[in-house]
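Asker: Residue numbers (this note's numbering), protein chains in the order written: chain B, 1 to 664; chain S, 1001 to 1160.
Please keep in mind that the hints were generated in silico from the structure rather than gathered at the bench.
Among the hints, erroneous ones may be present.
Stated by the list, open to error - Per the computed footprint, the stretches of chain B lying under chain S, defined by three or more beta-carbons under 8 Å from a beta-carbon of chain S, are: (1) 112-120; (2) 244-256; (3) 397-406; (4) 437-444.
Note that beta-carbon positions come from the ideal geometry of N, C-alpha and C, so glycine has one too.
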Amino acid sequence: MPAVVWASGVAGPVGRGALLVGVVAAAFGAVAAITAARESSRGEEARTSRLVPRFVGLAFFASLGAIIAMEWAMITRDFSLQYVQDHGSRSTPALYNFTAVWSALEGSILLWIFALALSAAVVAWRYRRRLDDELISWAIAVICIVMVFFFVLSFGPANPFAEGAPGITDGPGPNPLLQNHILVLFHPPILYLGYVGFTVPFAFAIAALVTGRVGEGWLIETRRWTLFAWGFLTVGIILGGWWSYEVLGWSGVWAWDPVENASLLPWLTGTAYIHSVLVQERRGMLRVWNLSLLLATFSLTILGTFLTRSGVLNSVHAFSESDIGTYLLVFFGLVVLVSLVLIGWRGDQLRSPGSIDSPVSREGAFLANNVLFSAFAFVVLLGTVFPLIIEALQDRQISVAEPFFNRLSMPIGIAMLALMCIAPVLPWRKASTELLRDRLFWPAWCGIAALVAGLVAGADGLAPLLAFTLGGFSGGAALRQVVLATRRQGWRGFVGRANGGMIVHLGVILIAVALSASNAYTRSQELRLSEGVPASFAGHTFELVGFREEKDDRSSAVKALVSVDGGQAYAPAITKFLNMGMNIGTPSVKTTWRYDIYLTLEPPVKKDSGEARIKVFVKPLIMWLWVGGGLMALGTVLAAFPGRRRRPTDPTSAPVPVEEEVAP
Amino acid sequence: MSGAKGKLTWAAMALLTVALLAFGAMRSSGPSTQEERIDAISQRLACPTCNGESIYVSRASAAESIRNEIARQVAAGQRANDEIVAYIESRFPGSLLLPPAEGVDSLVWVLPVVVLVCGFGGLVVVFRRWQREGEARAEPNDADIVAAALREHDDPTDGL
């Protein structure tokens, strides 16, 4: 087939060419945008600004070309490329062959670049009529500079289009864990949209500092960007948990693995930001703090990538590593340095007048929220890098893992839930205790009802019961706001930031309650099942009804068919991947709204004996994790719709008392 | 706002919550299965070959063999959970997932507390200062300026 022969050599040169075009286009885009900004700051006509969208567009098409070239190489099994030799195989099914492009470091960076160039293009298009605005020019320049960095990374040390050894005609395919669940199609791209999305508010923050327009203008420009970046990050993280649950076979969603922590860190600072930014919009305060949170969010995505992709920390996600560490570390250092210098330089303009009247106010609650989220981010960062510090200082290896994070995140999580009980009903400025007693009355009863429900269901232990109580209370508080808003405004009571935010809160609360319940009350037992002999555990019966074998040319799977409670048979499996020599267990889950029954088949499997070792986990409320995730996504979308606008002349704080004129 | 939602009702609700929580915290859900003891123990130990994953999470063969050892010890019924953890730690040094609170390692426990205390302490200080700065005062003519500006801003079509 001459056509295929021709096509199979083409991806490498095309991809390398595209990356080179990308480097150049992004660099020229940055130069043009900075020139345009300087022109308009001198009051001249910003003629260069017309060039900016062209370079950004070129960079976008270059990134698109690069990722298509990689897909093409993977789909046509172009084994001239090292990346395809390492992560492709002739027998990988089409879907997992498609996702194999981002199954390792070099390809993931291609995906990252594509998401970044897409955001750059959207920004350039969205502001096409305001390109002569200095703020916009600088923002685009910053995005272009970030883009140059990633294009260089991909063109140099993490080149996915490097030539491999000649004569190789097949490869092992992607890691077997990355080829047995559809979520590998969604989790990485969505997560990357979240990571990359924070580049845009970061760029506007830097632009605001450079131009000195540190007022609230840039915040309002980037409000929806931040919200969507946060939403994608949230959904990406939850899908990651779902993947872990459905694939890894230990029945958990979160293991405090360094890569998971790396995604949680920007989420925590980003969440702090989307709360405290409201104080700035409303009162013009906390400017330095908000800038710092945003700069921290962006730098933490870079630091997280460094920690997990450079090989300094090992993790189950480290599907491949390379020497890009130095690049990422230098870039991280530059980002932090530039941010600090700019904040220091603009220091006097960032000082804002005004004060917060009372800690018992919405502003006060947002500040408390920020302390909790920042402390949580600190704990996660400390736990992640602590082994590195100890190793550097004392040349000794220690592990800081799940038990540490669980122990510390529990009190912080409880404190966050407690704050979520009170904060939604607090008015701006100050609240009296009478007001709180009145507004919190029914939410508090919801908390007591949740506690009673938990006790009736047989729950014990202080921490989970406290979580249920606070979950009910905070859920009541969020529902109260939604009910009042819809009563006042009809369907508009569901949209806008405050109302959408309450839906997000409800999702968070569901997840918190479901996590507490499933962490505290999971029952597990290993059952030795003989065919036709039912065994019972935790009020359920399990019967082995047989085995099924499935073979194809890359793997052979053996499934144990286990009938649960005399009903449908579930089929936990062990798959042997022939060319990797790996055995991968795949769980099978029965989901109901109250509990999940999670079955894994334990090796070794001797099916001729008619026996199987089945590990059974009965886990309460797992389904509500995914429902909560859905609610968070829904709430984010609702929050992005414009809500009811405050009249611009309405006072943002209570009237200032007027001095009595002194009688003469 | 006394009466139904007054202080007394709230005090009663708080008392009820505390009583229910205490009842729930005291009661025990009964003995756990052997497997649950194995899970609890294996969650505290690191898999020696897989960097930071616990034996509970890991599917590696080294983790499998340690899990089997834990299972043997649990089945023998001679040792408590802590003793089994100590035994495994003595055979595989460095497999404790929880850093001990001694020496430099204790920093990992101390620093978060320090940060939280400093954070909330900082908030208290800031609020104190804001309170001292006190309420802003307006001159009588400030109110007139605001009123004039609002009149100017008032859109006659606003009420339509």
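Asker: Are the hints correct? Go through all of them and say.
Answerer: Each hint tested on the structure:
Counting residues of the stretch 112-120 of chain B whose CB falls under 8 Å from any CB of chain S gives 0; the rule of at least 3 is not met. Check on the stretch 244-256 of chain B: 5 of its residues sit with their Cβ under 8 Å from a Cβ of chain S, so the three-residue criterion for coverage holds. Proximity of the stretch 397-406 of chain B to chain S, defined as three or more residues with a beta carbon under 8 Å from a beta carbon of that chain, is established by the 8 residues found. Coverage of the stretch 437-444 of chain B by chain S holds. Counting CB-CB distances below 8 Å, 4 residues qualify, and the rule asks for three or more.
The structure is inconsistent with hint 1 alone, although it conforms to all the rest.
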